[in-house]
Amino acid sequence: MTAMRTVRTLALLLPLLLLPATAARAGDGVLAATLDNGLRVLLLEDHRSPIVSFQVWYRVGSRNEARGATGIAHLLEHMMFKGTPAHGPRQFARIVEQNGGHDNAFTSQDVTAYYVDIAADRIDLVLELEADRMHNLLLDPKDIDSERQVVIEERRTRTEDDPGGFLGEEVGSIAFKAHPYGYPIIGWVEDLKRITPAEIRAFYRAYYVPNNAIVVAVGDFHAPELLEKITRRFGPIPRGPAPPPVLAVEPPQNGERRVVVRKQAQLPIVYLAWHAPNQRSADAPALEVLSTVLSGGRASRLYRHLIYERQLALEAGGDYNYFSLDPNLFWFWATPMPGKTPEELERALLAEMDRLKTEPVRDEELDRAKNQTEASFVFQADSVHRRASLLARFELIGDHALMDSFVGRIRTVTAADLMRVARTWFPPDRKTVGVLLPTP
Amino acid sequence: MEAMPTNRFLVLPLLLTLAAPAAAAPVARREVLPNGIVLLVAERPAIPIVAVRVLTRAGAAFDPSGRAGLATLTGAVLTRGTAKRTGPELDAAIEFVGGSLEAGAGRDNLSVSLRVLKKDLGLGLDLLAEVLLTPAFSQDEVARKVAEIKAGIKRSEEDPATVASRALARLVWPGHPYGLPVEGTLESMDRLTRDDVVGFWRAHARPDTTVVAVVGQVTVDEARREVLARLGGWRRPAAAPGRVPAAHPAPAPREETVARELTQATIMLGRQAIRQTDPDYFPLVVASYVLGGGSTSRLYTRVRDEAGLAYSIYSFVSPSRYGASFVAAAQTRTAEVPRVLGMVRDELGRMGREPVTARELDLAKAYLIGSFPLRLDTSGKVADFAAAVEELGLGLDYADRYRARIARVTAADVQRVAQKYFAPGTLDRVVVGRVP
Chain V
591 MTAMRTVRTL ALLLPLLLLP ATAARAGDGV LAATLDNGLR VLLLEDHRSP IVSFQVWYRV
651 GSRNEARGAT GIAHLLEHMM FKGTPAHGPR QFARIVEQNG GHDNAFTSQD VTAYYVDIAA
711 DRIDLVLELE ADRMHNLLLD PKDIDSERQV VIEERRTRTE DDPGGFLGEE VGSIAFKAHP
771 YGYPIIGWVE DLKRITPAEI RAFYRAYYVP NNAIVVAVGD FHAPELLEKI TRRFGPIPRG
831 PAPPPVLAVE PPQNGERRVV VRKQAQLPIV YLAWHAPNQR SADAPALEVL STVLSGGRAS
891 RLYRHLIYER QLALEAGGDY NYFSLDPNLF WFWATPMPGK TPEELERALL AEMDRLKTEP
951 VRDEELDRAK NQTEASFVFQ ADSVHRRASL LARFELIGDH ALMDSFVGRI RTVTAADLMR
1011 VARTWFPPDR KTVGVLLPTP
Chain R
32 MEAMPTNRFL VLPLLLTLAA PAAAAPVARR EVLPNGIVLL VAERPAIPIV AVRVLTRAGA
92 AFDPSGRAGL ATLTGAVLTR GTAKRTGPEL DAAIEFVGGS LEAGAGRDNL SVSLRVLKKD
152 LGLGLDLLAE VLLTPAFSQD EVARKVAEIK AGIKRSEEDP ATVASRALAR LVWPGHPYGL
212 PVEGTLESMD RLTRDDVVGF WRAHARPDTT VVAVVGQVTV DEARREVLAR LGGWRRPAAA
272 PGRVPAAHPA PAPREETVAR ELTQATIMLG RQAIRQTDPD YFPLVVASYV LGGGSTSRLY
332 TRVRDEAGLA YSIYSFVSPS RYGASFVAAA QTRTAEVPRV LGMVRDELGR MGREPVTARE
392 LDLAKAYLIG SFPLRLDTSG KVADFAAAVE ELGLGLDYAD RYRARIARVT AADVQRVAQK
452 YFAPGTLDRV VVGRVP
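The listed protein sequences correspond, in order, to chains V and R. All letters in the first sequence, in the order written, are residues 591 to 1030 by our numbering. All letters in the second sequence, in the order written, are residues 32 to 467 by our numbering.
Simulated from the structure, these hints should not be mistaken for laboratory data. Errors might be hidden in some of the hints.
Unchecked claim - Chain V stretches covered by chain R per the calculated footprint, using a threshold of three residues with CB under 8 Å from any CB of chain R: (1) 635-646; (2) 746-753; (3) 780-794; (4) 921-932; (5) 979-985; (6) 991-1002.
These numbers come from a predicted model, not from an experiment. Glycine included, every Cβ here is placed at the ideal spot set by N, Cα and C.
Could you put the whole structure together from the sequences, leaning on the hints where they help?
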């Protein structure tokens, strides 16, 4: 209670002293500033609809967790909706709903992000709520106990009772032996049951500090005026110690790793993964294009060859996480058609990878992948929510302005680059394979 | 592993007709083309993209007896080849410009969605028109899709929420097409032939039951010219459009348990309800919101927030063209099924026993009225909304009427409709999970 009142008083008395240390509007129209307490602020005006997407991204995810306390970042995310002394339990959701807004949050390996999409004239409320829970969360032990049960239910839905989620967790955990990317984001159930309120409080204190957060807003507002309001609300929150860096580095994979799980299911699933570098590598744009060539749409190779022509797979897809803070996985998944075996499907997936190493990708495929990437940027610009998320993603990897050069980086990729990265990053003896075999 | 975000809430299907825009202007310009197509255009000039939605009244509600899944099969094969291009050629053409062209059937309609950059609108509409006017429905592609849909049905048996929804529909809609799965069954799929597909498309896809919504960086004149040039020659057949039989509920509520080796049980309760043409629809929407609509609802508060018994718990009203349903659902660990069922029934009953508080009523109304601008914030969402409102016959001013109707709802109205539609003794019930 006291803490919150202090913040409010300061805000009223000292607005002029709390102006950001630096503020600049870049060529892309983004007003970027860093407050004295380290909070990074990115604001972009978009006056097409009378709405705003206001997002707070904390640089903390399952990547920052310790063995024995997996799932703590996500459990804390749930607790962020359980109130502060100034805004009691359920108040946050009630205030947002009362004002016609949508709010939610997500936890990933790298970040925990909160968003409210709401009528632009209600922005003051959101600022008040977000600034309050950045620093004054209640974390009542009774609420923690009931919410850990909710998260365990969530885990049942996503993992225990979902064959794809179940296998994915096994594959992730054998692909990494040193880096926390091997932990499930939702956490091992043993850890979820054990984590103490004191640990959650310490985690909150360590990572929920303004110097570890990015505030992004896109929508119908006047950016300098909103920056002033943000400064008034968030400026008084004290800077915290720099959160501990993640020191773990995944060593090279020495040999194939494989996991086979048996579970009640209707069809098998095959996962295939290789370690791959992130955007800091010169190979990243080519890997991004390669991922699209393989699995971006119905003209992509996996759909065309495995689903359409050979009718081997019911579904097949893949992904590469360009934005990952540490090197992560380039991975594929597929479900065989009834009557086809996981072995056949695995061989077919590997054959697609081998072909990339020996045959140049045709110009048409290369151009299509680049056009798809470029167009997806334009489509995303239609939504203020997506625009804000994209700004945050680029800021997380260093600078929101990297967004401007992203498409250019993709455009320079050649067929020779694709062949080179396929040879470099997909050696057959360094893959991780997961197979789910259905039991009746 | 890819960082799969774990959201705090499950994302519920967007109920387009739940809400209404804040602006008084109609959401789109409407005109009827000479062949009967209703053209809706909304100009959103800022971003160089265009979204097109075509809804034609050829949904699963029109599947002939014993041929469940025919609309789904027809929709699936629609983009798999035309008189001019094969399926892979269509895919390559649209994806080369970073666009998408998708078709699929729902309960009432078959929809075709196009998304392109503005510069590629001509190409996109060419492909869309080819698909609508000259689908090839080749034998080979039909066989391929039958196999895929069957495999998809098999796969979906792994998802307890899908299994429960399917079972509940069967109980809620006895003898009505809404009781059958949109995707058909393994048995019905085996019976479907190319002739069925061709016959279904010829009978049900017609300009006079088709809505085309064009939204984005496009003017009304341009949209009319481009659509007329390509779809103006689509001729309406002489025969009358298809009809769907009236729905009658079963004489008494029924229960079904589907055994699955799972750690969690999925509970679904449901019954037939009313759609937007009934004045009681609006109090029902408010009632359902208070009961299980958001994260301040009674069910969410009691079952999830206070008792920690569920991650997913909600209720909703689902209006379609030929009927509506009300559903309340929860997922909880096997051992707690009786307790959660008890709580849900208790809250259903309480909605009818006592009036909702002024605070609850105000919150629900404020949310339902106030959240609308968020539902119209992209070209795709505007196109979906305009097409749905037109197809459901609600009028493009429905948004304003909706707001006014919601604003008038009283606590007494809510209690009255809750007594009728939430009475626990009138709801069908499905449980998927381990049988005790």
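Check your understanding: Of the numbered hints stated previously, which ones are contradicted by the structure, given in increasing order?
Key -> 3, 5, 6
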